[in-house]
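Q: Sequence:
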Amino acid sequence: MSKNKSKRGILFPPAVGYNLGILVSFIINHKISLRYVPRTIMIFIINFINLPFRIYERLFINPKYKRAKIEEPPIFIIGHWRSGTTYLHSLLSKDSKFGYVSTYQSVFPDTLFVTLGRMLFKGFTTLLIPGRRPGDNVSLHPSYPQEEEFALGVKTPLCFYYMWMFPRAIRGLYNSSIRFSNVDASMLKDWEQDYKLLINKALKNTGGNIYLSKNPPNTGRIKQLKKMFPNAKFIHIHRNPIDVYMSTKNFYKRMMPHLQLQSISEEEIVNSIIDIYKNTMQDFIACRNEISSDNLIEVSYADLEKKPMELIEKIYESFEIEGFKNAKPVFKDFIKGMGVYKKNKHYISDELLKRITSEFGFAMKEYGYNIPDNLETF
10 MSKNKSKRGI LFPPAVGYNL GILVSFIINH KISLRYVPRT IMIFIINFIN
60 LPFRIYERLF INPKYKRAKI EEPPIFIIGH WRSGTTYLHS LLSKDSKFGY
110 VSTYQSVFPD TLFVTLGRML FKGFTTLLIP GRRPGDNVSL HPSYPQEEEF
160 ALGVKTPLCF YYMWMFPRAI RGLYNSSIRF SNVDASMLKD WEQDYKLLIN
210 KALKNTGGNI YLSKNPPNTG RIKQLKKMFP NAKFIHIHRN PIDVYMSTKN
260 FYKRMMPHLQ LQSISEEEIV NSIIDIYKNT MQDFIACRNE ISSDNLIEVS
310 YADLEKKPME LIEKIYESFE IEGFKNAKPV FKDFIKGMGV YKKNKHYISD
360 ELLKRITSEF GFAMKEYGYN IPDNLETF
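Letter by letter, the sequence shown follows residues 10 to 387 in the working numbering.
Keep in mind that a hint or two might mislead.
[Claimed, not checked] Lysine-lysine pairs mimicking DSS-like chemistry, simulated, CA-CA at most 30 angstroms apart:
#: 1; residue 1: Lys205; residue 2: Lys235
#: 2; residue 1: Lys232; residue 2: Lys213
#: 3; residue 1: Lys213; residue 2: Lys131
#: 4; residue 1: Lys287; residue 2: Lys232
Rather than coming from a laboratory, the hints here were simulated on the basis of the structure.
My request is simple: use the sequences and hints to build the entire structure.
A: Dropping the structure here:
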């Protein structure tokens with residue numbers, strides 16, 4: 010095992026690169042639990058150190074990227090969390106034609122091109138980041154592909170991933186930052202501009218010419234993304250809803266302690282997972298027909314596991330993306346490096362299983378799923 014993959018490291022809430030106004034709003038609008046006050050203070054300290062660098066980049070560098078046109082329609086990988094979006098994103102991003110938000114950019118989106126700031130904070134990130142993500146053992150590095158949701162909350166308070174810090178606010182955050190309920194037009198316009206700026210900077214940073222996004226919250230934002238990018242392509246990946254529930258609960262259990270600023274009970278977590286899954290999948294299914302058939306492909310996690318090369322080739326053919334043969338060797342190397350995934354045995358109470366199959370029944374029927382074999386009840 011490499012040194013980077015084995016090192017433990019420290020995870021901090023990505024708010025270290027946020028606007029000070031956003032951080033202050035956290036204190037005003039959310040209850041920070043006493044045990045997380047030291048973590049909050051540390052966020053402010055790092056944020057203050059970062060302040061002059063991001064001010065410079067916003068004043069003297071960002072205007073160039075705000076004016077730039079996004080030439081190629083973006084490709085959005087969508088799907089509920091724990092459905093295979095990370096694996097698919099990491100695999101496709103091996104083709105150098107694709108640009109993406111890196112882990113570093115997702116935390117410090119406005120300290121990307123200031124040389125001294127980048128050296129300082131990328132070095133800081135490299136030093137502290139764990140070799141693997143606590144929630145699922147996925148390899149981490151500042152340069153690896155990452156979802157952009159945290160970075161979308163830097164200046165405009167429309168970010169679903171505030172929920173990692175304030176998990177009790179998850180339903181309100183879903184309505185405001187994914188459904189954009191009761192969000193005024195000027196704030197939504199700011200969010201759109203921030204998103205396009207983020208994309209242009211990501212393309213420059215990674216040297217790609219087609220933006221490849223992996224951002225599960227976008228699963229519920231089809232209308233808004235279609236408005237912003239009329240010819241955008243969408244890859245929706247789905248997985249057995251019961252497996253998704255079990256994996257999500259485990260991910261929350263392992264990941265949330267590193268990021269939260271607010272305590273939450275296990276019962277609240279269970280209810281949140283169920284509610285957000287229903288909202289996400291129902292919102293996607295309701296808007297799916299707004300995407301033309303040549304701009305949408307739906308794939309399963311099982312196919313990604315069993316025959317990844319066939320699935321990738323299908324995506325290239327469906328979207329008429331050139332260069333599959335040239336990229337095939339790097340895809341093969343990545344797949345080989347991933348090894349073979351062994352399914353874990355999961356245990357769940359009869360009562361909870363009945364509730365999940367009832368609540369998620371619409372999605373199980375939609376995609377033809379049954380209760381998985383690796384599940385035992387008690």
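Q: Could you run down the list of hints and mark each one as holding or not?
A: Structure-based check of all given hints:
1. Lys205 x Lys235: It holds: about 13 angstroms lies between the C-alpha atoms, which stays within 30 angstroms.
2. Lys232 x Lys213: At roughly 27 angstroms apart (the allowed maximum being 30 angstroms), Lys213 and Lys232 satisfy the hint.
3. Lys213 x Lys131: holds (17 angstroms)
4. Lys287 x Lys232: Within the cut-off at roughly 18 angstroms; holds.
Consistency note: the structure conflicts with none of the earlier hints.
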